[in-house]
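A.B. asks: Each chain, letter by letter, is given below.
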Amino acid sequence: MTVFVRQEDVESVLVSGGTEATVDEAAIRDFLAGPFPRVVAAVGLVAGSKAAAEDAVAEALARAWERADRGEEIRSLPAWVTHVALNLSRSRLRRVRAEARARDRMERGNLQATPEDRLDVQRALAGLPRRQREVIVLHYFLELRVAEIASALHVSEGTVKSSLHRGRHAMAAALDEEE
Amino acid sequence: MPGIDDRLRRDLERAARPAAQDARRLLDDVARRRARRSTVRRVQAGVVAFAVAAAVFGTFAVLQMRASTGSTPGESVAPVVTATAPALHLGFPTCDVSSMPITVDGVQGFAYVAQKASDAGCPKHGDFVVVAVDVDGDGQADTSYGPLADCYLSCEAFAAPDLNGDGNSEIAVSTAGADGYGVYLFVVTGGTNPSIDPIHVSDPHGIGTIATDPLQLAWIDVVTHFSGAHCGALADGTRSLIVDIGDKLGTNADVTSTTLVLRGTTATVLDATHTTMPLADAPVPKGQLCGAPILGSAGGFPGPAAGSTSLTP
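Protein chains in written order, with the working numbering: chain A, 1 to 179; chain B, 180 to 492.
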């Protein structure tokens, strides 16, 4: 399985900052060829809309690129894009516009419409408060640790731990699973 | 039986299923957005420079006027901000109340958007915001609906349009967003048992481009795009609500419009169109929704607030 950020890189990339990387066209290409689908999937799980997620991640990438043009440093493109895309996906207004664009793309045949799996886990996830949903997806889907999630969401580790605990408990109850 | 941890890892992996991507299209898309952001930033920088110059000139002009006449500047048209709340009798104390007149069954009443106050005062963020109505104008709320979603920053009374031409006001509540407002629409029913309900959307053919549960609009007019709504008329004279989303492409606009008709608490999608038209003819939102003036911080849209929402009946 593709791992969001290699564990050995985590300390230098997500938590303690590490060395900044240049965000240019080559870096954007690498991101699109690498972490992009997985970040879109993660944001889609949180936002409940793949169209909104793709739109939010593309917008976050554009912002990263434009900021780099102005000389701003971005230490970890995947972490930065994930954080910004999650924030952008909060807007339901953006979702409306994203779904309009997705519909347009489908009409042009550039996007394969795949049937959605209506899994219990999606319904259970949708019932969680936003913060718990984000933490559950980042932990179980992107396989981030508590410190990494705290860094990505700009919250304390205590907040992550309590959200993870509550979210996990709620998901277990909703899915009728043992904790 | 696997534990919850295994179940979550397995099912989230299945649920996500990242779709195959067209890398060329994605890169083009990101590059377009980057260019658009650069353009917007340059425009904004120009606007800020102009605003600073205007402010300096305006301050100088006011000082000159005061020095020559001794008078004070005119009253501000900015919205009044206060936590003072009318007694709505909702069963809990309220704060950050905005209100607007409505008409239900021919009687003028009021609609309120209010936040639940806590012992510590008015919460900084809108965790528990309700919309309430006083259908007989006696100053007490007769019914309420809430808490409203997405009021994290704030929600307030937006407009009281008649969306279906039945003579009764519908209620539009706004929440501030990054580039405009989100607007939620509600139906008020009068009589002896008043109610306020969100508008649900029926889209039997799946053709609409709108947000639902409840029916929502985006109210935006920025350099690159716009979103809003206006009323129209069907062939039989029935009033319709047309929700518009558009991208500005130089002198043209690429517009997606969804036509709905409201009956009871259900808005049914009748038609959807996607057209390119001159920007001057595009349905860019102005300061009213179906003839009802827009209030509160969105008043005077798309410019700065020009009016204030009444805070008391």
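Since the hints were made in silico from the structure, they are not lab data.
Possibly wrong hints are sitting among the right ones.
Partner residues are not named here, just some residues of chain B that face chain A (Cβ under 8 Å, in silico) [said to hold, decoys possible]: (1) G182; (2) L187; (3) L191.
None of the values given here were measured: they were computed from a predicted structure.
Every residue gets a Cβ at the ideal spot worked out from N, C-alpha and C, and that includes glycine.
A.B. asks: Does each hint fit the structure? Answer for all of them.
C.D. replies: Okay, the hints, checked on the actual structure:
At its closest, the beta carbon of G182 of chain B sits 6 Å from a beta carbon of chain A; the interface hint therefore holds under the 8 Å criterion. Interface restraint check: L187 of chain B against chain A, minimum CB-CB distance 4 Å, threshold 8 Å, status holds. Look at L191 of chain B: its Cβ gets to within about 4 Å of chain A, closer than 8 Å, so that hint holds up.
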